[in-house]
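Protein chains: 2
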Amino acid sequence: MEKKRVLIPGGAGYIGSHVVYTVLKTGKYNVAVVDNFHNSKPEAVRRVEQLVRDESGDACGDVELIEADLRDAAAINKVFADRPANDRIYAVILIGALKAVGESAEIPIEYYDVNVGGLLNLLTAMDKHDAKRLVYSSSATVYGAPETIPIPETTPMDPHSPYGRSKQINEMIIRDVCAAHPAWRAITLRYFNPAGAHPSGYIGEDPCGKPGNLLPLLAQMAVGKYREPGLKVFGNDYPTPDGTCVRDYIHILDLASGHLNAMVALDDDAKFVNAKNDGKYRAFNLGKGVGMSVLNMIDAMRKATGYEFPYEIVGRRPGDVPNLTADPALAEQELGFKAHHSLDEMCRDLWNWQSKNPNGYS
Amino acid sequence: MEKKRVLIPGGAGYIGSHVVYTVLKTGKYNVAVVDNFHNSKPEAVRRVEQLVRDESGDACGDVELIEADLRDAAAINKVFADRPANDRIYAVILIGALKAVGESAEIPIEYYDVNVGGLLNLLTAMDKHDAKRLVYSSSATVYGAPETIPIPETTPMDPHSPYGRSKQINEMIIRDVCAAHPAWRAITLRYFNPAGAHPSGYIGEDPCGKPGNLLPLLAQMAVGKYREPGLKVFGNDYPTPDGTCVRDYIHILDLASGHLNAMVALDDDAKFVNAKNDGKYRAFNLGKGVGMSVLNMIDAMRKATGYEFPYEIVGRRPGDVPNLTADPALAEQELGFKAHHSLDEMCRDLWNWQSKNPNGYS
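Sequences listed follow chains A and B, in order. According to the UniProt record's numbering, the first sequence holds residues 1 to 362 in order. According to the UniProt record's numbering, the second sequence holds residues 1 to 362 in order.
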């Protein structure tokens, strides 16, 4: 059977590379990665190809790697236009975006231009070249500081940062596109906190500069890359069991599988029968449904790495919310999604990657 | 005193041409119009220049007319880049947009690409070239179907169409830009229903095809351009005095004056002291604060034109809301804005334009 070509903008990044891996492993798809390597490296894609070949031989699909920026409408159009008739783009999994909450409040024009402007260039090209299936990376941050935990998808969106608003805006735009055209099908995935790596240690998270997220920071501390000025825990007076913020950590391979579930669901009309006014558009949480505090995670990483993390409790950080834990029931029921990996596996795989690649892909 | 250059994208359109006129008449500004002539004609700008010269001689500023599309980032950047040091862009009044509610639900990608993508290209160029004053055309449609009439600016945004959401999204983006950078200053103007024309009859509304709005349709019927299939009144069972929809009609020259009020207010820090978290960002209604029903307006246009409009009551039109009447108090208090013109003047000026230009600018 001929393989279908899936376009994955941002496929060289941390989440993207694991999604490319998961899509290729099915043996049903080829992939085209578009990336501007702003916060990623071509080496990640090379390693995914090697990993898939090592595991599955040549049965899996190929990867086209295209260096392009989502803001460049002409370049994005060209990705769809310059293709043989038997190798059109079948579906798009849009992962590439700017993603740092704090930075988004400093340079909002760039965040909106890349995230929203980039989506618009992509939608325009997809519409023109009749590639009307989209899986879109959204974020739990669209919920703001929700009252109900675990968080169902029906929670109103109320993001607290330009980054979060860029995700909310893109969900609004995609929903309107699906409502207008029956040929369009889209699923938005609201990520909770992805962490870990492929257990081979071949691919993993390689953030530029000091990691902004807790788990890669812990891994880099344990490996000796960051030790000073030490680990800060922002606030221990939140209304949570130990007073530190609670998040829903999901193994990166589970998150990646959710993309595959979503892409397959796009072709199942039954998934959209209850979304009347939105056309064929749905939004799903991707989380494990288990809340872990900052102190829980420090302890789990201590077990995985053997490193005793010294830490200091400091004041709350503006913008942090007490608890973001997913209600994953809808994705489980309707997409067949399940976050199988345990917390220990996540920490073990993260440490395996970090200890084998102390300087990431460099 | 050297005149400051104001950039007005969409300055060749109906609202835009009256804003260009109002800005030039102060004698304090030159104007640069950017337009793609999608729903406008260069002739409108030529007539504005002639009108200003006839009224005020050469004391008023000049107009640069640049044909460019807001979606073309390079062309928009060029507008700011290719300028002598003593003729930089001082402020931008962004009017150009796609604006048909019904059409926006048919072709949402185009609406978002032009309206939101266009704003992003403009903001990027403004930021790069240090032109950080913006007056932005929003719409009463951001309020959806509000419960409180007249509508204060504190009413939550809840637009019912992609067009309305493109306006809401742009307000969100502009607010975030102002919150991030103290050098940025922006005022959003939520238009109610502009109508009428300059009393000279030199400039006015010249919609492509059959007019989508009531007043230009009535004018074209009276002048004999549209008679068949006749006038339809969509619903007479709304909870309004005569059962037909109520709107807040504002004379186009009053609306245009509101832009001048807003542009002047941009430099007054006192206008922004209460907008702490938003930086120097404010949103104001531009309306008269007087609600008029469809039947009221048919009667007013009958008086102005002498034409007895035959009309037929038909069912409600999807998306119409019963009443959109502004509370104009905030703009009056804080911007010094006032809609001076009467309803009769509005109808008289509209008819003067239409009868002198039965085929618009053609």
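For the record, the hints were derived by calculation from the structure and aren't laboratory data. Please note: incorrect hints may appear among the correct ones.
Once the Cα atoms are required to be at most 30 Å apart in a straight line, the calculated DSSO-like pairs of lysine-lysine come out as [as the list claims (entries may be wrong)]:
hint: 1; chain 1: B; residue 1: K4; chain 2: A; residue 2: K128
hint: 2; chain 1: A; residue 1: K41; chain 2: A; residue 2: K271
hint: 3; chain 1: A; residue 1: K128; chain 2: A; residue 2: K78
hint: 4; chain 1: B; residue 1: K303; chain 2: B; residue 2: K4
hint: 5; chain 1: A; residue 1: K271; chain 2: A; residue 2: K210
hint: 6; chain 1: B; residue 1: K28; chain 2: B; residue 2: K3
hint: 7; chain 1: B; residue 1: K25; chain 2: A; residue 2: K78
hint: 8; chain 1: B; residue 1: K303; chain 2: B; residue 2: K271
hint: 9; chain 1: A; residue 1: K356; chain 2: A; residue 2: K232
hint: 10; chain 1: B; residue 1: K25; chain 2: B; residue 2: K338
hint: 11; chain 1: B; residue 1: K210; chain 2: B; residue 2: K128
hint: 12; chain 1: B; residue 1: K28; chain 2: A; residue 2: K128
hint: 13; chain 1: B; residue 1: K41; chain 2: B; residue 2: K271
hint: 14; chain 1: A; residue 1: K28; chain 2: A; residue 2: K271
hint: 15; chain 1: A; residue 1: K132; chain 2: A; residue 2: K271
hint: 16; chain 1: A; residue 1: K41; chain 2: B; residue 2: K210
hint: 17; chain 1: B; residue 1: K78; chain 2: A; residue 2: K210
hint: 18; chain 1: A; residue 1: K128; chain 2: B; residue 2: K338
hint: 19; chain 1: B; residue 1: K41; chain 2: B; residue 2: K132
hint: 20; chain 1: A; residue 1: K78; chain 2: A; residue 2: K25
hint: 21; chain 1: A; residue 1: K78; chain 2: B; residue 2: K338
Verification of the supplied hints:
{"no.": "1", "hint": "K4/B to K128/A", "result": "violated (42 Å)"}
{"no.": "2", "hint": "K41/A to K271/A", "result": "violated (36 Å)"}
{"no.": "3", "hint": "K128/A to K78/A", "result": "holds (11 Å)"}
{"no.": "4", "hint": "K303/B to K4/B", "result": "violated (42 Å)"}
{"no.": "5", "hint": "K271/A to K210/A", "result": "violated (41 Å)"}
{"no.": "6", "hint": "K28/B to K3/B", "result": "holds (5 Å)"}
{"no.": "7", "hint": "K25/B to K78/A", "result": "violated (47 Å)"}
{"no.": "8", "hint": "K303/B to K271/B", "result": "violated (41 Å)"}
{"no.": "9", "hint": "K356/A to K232/A", "result": "holds (26 Å)"}
{"no.": "10", "hint": "K25/B to K338/B", "result": "holds (18 Å)"}
{"no.": "11", "hint": "K210/B to K128/B", "result": "violated (41 Å)"}
{"no.": "12", "hint": "K28/B to K128/A", "result": "violated (45 Å)"}
{"no.": "13", "hint": "K41/B to K271/B", "result": "violated (36 Å)"}
{"no.": "14", "hint": "K28/A to K271/A", "result": "holds (22 Å)"}
{"no.": "15", "hint": "K132/A to K271/A", "result": "holds (16 Å)"}
{"no.": "16", "hint": "K41/A to K210/B", "result": "violated (54 Å)"}
{"no.": "17", "hint": "K78/B to K210/A", "result": "violated (37 Å)"}
{"no.": "18", "hint": "K128/A to K338/B", "result": "violated (46 Å)"}
{"no.": "19", "hint": "K41/B to K132/B", "result": "holds (28 Å)"}
{"no.": "20", "hint": "K78/A to K25/A", "result": "holds (27 Å)"}
{"no.": "21", "hint": "K78/A to K338/B", "result": "violated (51 Å)"}
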